[in-house]
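Participant: Full structure from sequences and hints, please.
Number of protein chains: 6
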Amino acid sequence: MARGLYVGRFQPFHRGHLETIRAIRADEAREELIVGVGSAQDSFQWNNPFTAGERIEMIGRALDEARIGGCMLVPIIDIHRHAEWVAYLEGLLPVFDRIYTNNPLTRLLFEQSGYTVTDTPLVERDRLEGTRLRSRIAEGQDISGELPPAVVRYLDQLNAPARLALLRAERNAPPESDRP
Amino acid sequence: MARGLYVGRFQPFHRGHLETIRAIRADEAREELIVGVGSAQDSFQWNNPFTAGERIEMIGRALDEARIGGCMLVPIIDIHRHAEWVAYLEGLLPVFDRIYTNNPLTRLLFEQSGYTVTDTPLVERDRLEGTRLRSRIAEGQDISGELPPAVVRYLDQLNAPARLALLRAERNAPPESDRP
Amino acid sequence: MARGLYVGRFQPFHRGHLETIRAIRADEAREELIVGVGSAQDSFQWNNPFTAGERIEMIGRALDEARIGGCMLVPIIDIHRHAEWVAYLEGLLPVFDRIYTNNPLTRLLFEQSGYTVTDTPLVERDRLEGTRLRSRIAEGQDISGELPPAVVRYLDQLNAPARLALLRAERNAPPESDRP
Amino acid sequence: MARGLYVGRFQPFHRGHLETIRAIRADEAREELIVGVGSAQDSFQWNNPFTAGERIEMIGRALDEARIGGCMLVPIIDIHRHAEWVAYLEGLLPVFDRIYTNNPLTRLLFEQSGYTVTDTPLVERDRLEGTRLRSRIAEGQDISGELPPAVVRYLDQLNAPARLALLRAERNAPPESDRP
Amino acid sequence: MARGLYVGRFQPFHRGHLETIRAIRADEAREELIVGVGSAQDSFQWNNPFTAGERIEMIGRALDEARIGGCMLVPIIDIHRHAEWVAYLEGLLPVFDRIYTNNPLTRLLFEQSGYTVTDTPLVERDRLEGTRLRSRIAEGQDISGELPPAVVRYLDQLNAPARLALLRAERNAPPESDRP
Amino acid sequence: MARGLYVGRFQPFHRGHLETIRAIRADEAREELIVGVGSAQDSFQWNNPFTAGERIEMIGRALDEARIGGCMLVPIIDIHRHAEWVAYLEGLLPVFDRIYTNNPLTRLLFEQSGYTVTDTPLVERDRLEGTRLRSRIAEGQDISGELPPAVVRYLDQLNAPARLALLRAERNAPPESDRP
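Residue numbers (my numbering), protein chains in the order written: chain Z, -6 to 173; chain S, -6 to 173; chain B, -6 to 173; chain E, -6 to 173; chain R, -6 to 173; chain Y, -6 to 173.
A couple of the hints might just be wrong.
Here are some chain Y residues pointing at chain S (derived, C-beta under 10 Å) [claimed, not checked]:
| id | residue |
| --- | --- |
| 1 | Arg2 |
| 2 | Gly31 |
| 3 | Ile69 |
| 4 | Ala76 |
| 5 | Trp78 |
| 6 | Asn96 |
| 7 | Arg100 |
| 8 | Leu101 |
No wet-lab data here; the hints were simulated from the structure. Glycine included, every Cβ here is placed at the ideal spot set by N, Cα and C.
Facilitator: This is how it looks when you write it as structure tokens:
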């Protein structure tokens, strides 16, 4: 069975991500898609507010809601060494033969290793941009147009606006520091 | 939705593992089960011959063959610090509320954190023991009684007997050494 | 015996830190206070100029001078994974039951784990701010109003102005680089 | 002020350790002694059953009971690179000028760096040996002759025999494994 | 035999580096010079576009072309702990007794350890500055005046302008991210 | 230019290693040979007594003495993840196209990546075996038949018998432990 691989940080998982996965799954109906949740070790930071587990939860709920099947959700801890990125994923994940990405560096690294790389559609990129969405959540604004309904509900359950407001205010103060 | 967690190294995934998962899924039909593939960073060692990706592949095929659904397969990289093990899994994985294990240390660590821990059945433990199975594979013996048919076929495809024979012979010689 | 925990980087230890500890010790006279020296692995950087050992030395001298007892000074190496921060400290330190902090993220992480968290007073925050104090030291300005006398003398002994001037000038040039 | 340094794993802290510290403090009454708790990252293993925090607790109680003052207890996380061991401790700890050890490797590494190294007395070494003591605790035997009374009481409070019996039985089964 | 040590990141290796090495070798004709390639673990980043291996290759070709002998090229992986930097290099490298650097922090750390530190000449520093050179390469400009001819040819062979243009555009998007 | 790669730990560098390199260089006179010094982070352990720098020194002297040129000596820090071993070396080292090894695991990993792997001759393997040689050195026996003369002299200069005797006696006592 052929599999695709699509990696992101999904902080949070928004409609652009969902439409990307829907398009991949529609186009390649016979494939399974590995959805890699990157920077899995990071959480409770302004740029990475949600744990890998929370991100897997929100993605799973959004895919269920959208009735998109055939996805395997996997947390991926960073290694921070780009030259070993492809080999690391090859060891961590079941065999895949196609990469879906709009990140040129990812494209370069996988093409160097002989993989087929496919562009992902950019869905309303300006509006569906991670930093902008985190800011809107932190400010308590309505993001129901940008996120799948299941994610909106889950973020509400997590009390996400309070967490994000806190992390934005303290973005230079990790817990090992006394004061910002 | 409630989820269970069952962690092992699965080197290889044998009938005991399969029956454990079948029993969990039968008993708790409403739950999803996270199957954590431990020591995910290790491979090509005598005690850990298969990569995390290969182990996910063999488990997935065996579960499909046995028509067992509702399992989420996740690679788990070791942190080697037991006091942080529960917190690490809580961050890495979606929420779970029950642990299935026959490892007393796992039981202790999770009970200290307030989790419900359930024993797993020990299916023919002497026969279905990892080291014994790896030795039998390395010796080219028939292990079709011990492993699910899908795993037997997959190991054949991986040319597992040759790999295991090699790793057993060189178990003191990592690749950074010139000679055993 | 009940213990409190107060974590900071203390680069350098200033009068605000000292007054915070004095207030904690006065208020909770029966408790021991663990003073955690965070980012203990960092030194000789503009944001972290002093080693953990030097910081323990300056704190110890300032507490002696101020006749504040009952403090245990402990270096704490970063783990950079916020989801495991509480579990990490629980393993590293003797039992504590109260956290003193004005860092909202620290508050959030410890409250999630069921701890009592107490605000620390902010003593002249604008004036007693780490970056500002490091700049003043680097410029050779008088900081005797901002630091405890014992710290002033110790920084003099360390030849701190020269070190800080150097680190400020070269803040983009770690020792593995040839030139800034 | 001159300081000494004495590093051990203290799994558990026994009467030999206590008498060593008493002798150092008696002989060098003017010095402070840093007691470094080594392998601080390890716990819940047969060779390292107690967390660093638990070891600091038991040492602190034993020193209080014996009315030995002037000791600074510090957890020390391993770096596993012997060539950097001295430099690592120099950065982590306040200045020390004398090492107390009966470990010839420690002696060698510190003497190479110009430190004064002093032998520690070996108090009933055969009887007061870590592995033997852990075995006796695991077997529920009386160890009140080998451990300071405060440590005996603290281990009782920790339910140490159960933990040690468990860790001895499962010494090849870390929590990432399903079965021993 | 006495040896010198000269450490840089060499992203890329330019004429200033070459003239520095030429001057060291001319002045100290009897010495061998260790050329340490720092941040060896980094590559495919805007600030560190080339792998350690590529940097060793370009330096080796440039030295051959300039007929400069007696250099030992060594990749040096960062440890990110400045207090251990000298001890780390002492363990990793054959004995050296002189450091060549214009980095004041390197000077400070090595002088503290008793080494002789010699300034390196700054050759046209504004023009031969790493970030500026990387920008010029990314823009496809002529850099034959700034780099040794062998490096110009090697970068051409690596298709460096395309790599650098890509890394500059995506400098906030590591491969674990889906989109910049 | 084509290059070969030969990796070992060289604890110590003995006549078998020297004859292997001589044979490679004789057979492939046009190639450069990268001699990788593995487990470079380890030293002052019974299995890894010498630092990477000391091993580079002894190899360099032995090659000079034997008038074998064209070798590039490189320390290689372990990554302990076999699935990434080839990618790691590809990033760390200049391009190589042939591996010399008698380690079947190394052969397997490189062949999987498409490299040409060549067996190295086993020169008196029983006699020239690392553990045996370290034991003989620790016992003060004559090893002038087993080691190149330059290595014999260098080990004498290092006072190697005393170091090895110490490490053999204390092989279970790292410096973070108080007593063996």
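Participant: If a hint holds in the structure, say so; if it does not, say that too.
Facilitator: Structure-based check of each hint:
Taken as an interface hint, arginine 2 of chain Y checks out: its beta carbon lies about 5 Å from the nearest beta carbon of chain S, inside 10 Å. The restraint placing glycine 31 of chain Y at the interface with chain S holds, with a minimum CB-CB distance near 3 Å, inside the 10 Å limit. With its C-beta approaching chain S no nearer than about 6 Å, isoleucine 69 of chain Y sits inside the 10 Å limit, and its interface hint holds. Taken as an interface hint, alanine 76 of chain Y checks out: its beta carbon lies about 5 Å from the nearest beta carbon of chain S, inside 10 Å.
Restraint check, tryptophan 78 of chain Y versus chain S: the minimum CB separation of about 5 Å is within 10 Å; hint holds. The closest approach between the C-beta of asparagine 96 of chain Y and any C-beta of chain S is roughly 5 Å, which is under the 10 Å cut-off, so the hint is satisfied. Using the Cβ-Cβ criterion of 10 Å, the hint placing arginine 100 of chain Y at the interface with chain S is satisfied: the shortest such distance is roughly 9 Å. Among the interface hints, the one on leucine 101 of chain Y holds; its C-beta lies about 6 Å from the nearest C-beta in chain S, closer than the 10 Å criterion.
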